[in-house]
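Chains as they are written, first to last, in the working numbering: chain D, 1 to 108; chain L, 1 to 108.
Please note that the accuracy of each hint is not assured.
Remember, identical chains collapse to one label, so a pair may be satisfied in a single copy or spanning two.
Unchecked claim - Heads up, simulated EDC-like pairs for lysine to aspartate or glutamate below, C-alpha to C-alpha not over 20 Å straight-line:
1) Lys69 - Asp107
2) Lys55 - Glu11
3) Lys55 - Glu35
4) Lys55 - Asp78
5) Lys55 - Asp103
Worth flagging that the hints you see were computed from the coordinates, not collected in a lab.
2 protein chains.
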Amino acid sequence: MRQIESLKFNEQGLIPAIVQDANTGEVLMLAYMNEEALRRTLSSGEAWFYSRSRKTLWHKGETSGNIIKIVSVWQDCDQDTLLLQGKPTGPVCHTGHETCFFDQLTDR
Amino acid sequence: MRQIESLKFNEQGLIPAIVQDANTGEVLMLAYMNEEALRRTLSSGEAWFYSRSRKTLWHKGETSGNIIKIVSVWQDCDQDTLLLQGKPTGPVCHTGHETCFFDQLTDR
């Protein structure tokens, strides 16, 4: 596991994390991590985030049961964004959709 | 083209935009848009962003020549993140990589 000290968390101590389905390549969601959420994700192999609305650590799937098993985690060239490739055990979106990006702006 | 008034821009007037290669599914980068960048993207069919460091609108590729032709734009369920599916005309990353996510944190 690589050092994460060089990552650039923002002024709220957060870094955006894109989640992509490791099997299909579909982009599933964007959420935010603080350092502790990232540490838990890397050590447990399941996605943890920081909920900005609830102001608390959030084990994805803790209520829905739909966790995301991590396959790989990548940082971008600026070290201020993460990409998680993982395998969700159920629909990622709270609406029941497979992805949170189900509403196209360019469809008409 | 759909109304964009319902989108939730953050306190800086920005919304994160994930860029995905429409052909390969590869996640290429994350950048930020203000409302004008989104309007220009939707009207021109090429990706525009807002540069937080330079504090200016940024036509992706204006210096490198590597523009991103837009195929579709999606909003997420919270209306606070965008997903752009597009076709880059060259490497998206300023390092010359195809994607900004070339550095794996979980590779050891």
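Could you check the structure against the hints above and give me the numbers of any it violates, in ascending order?
Number 5 - this is the single hint that the structure violates.
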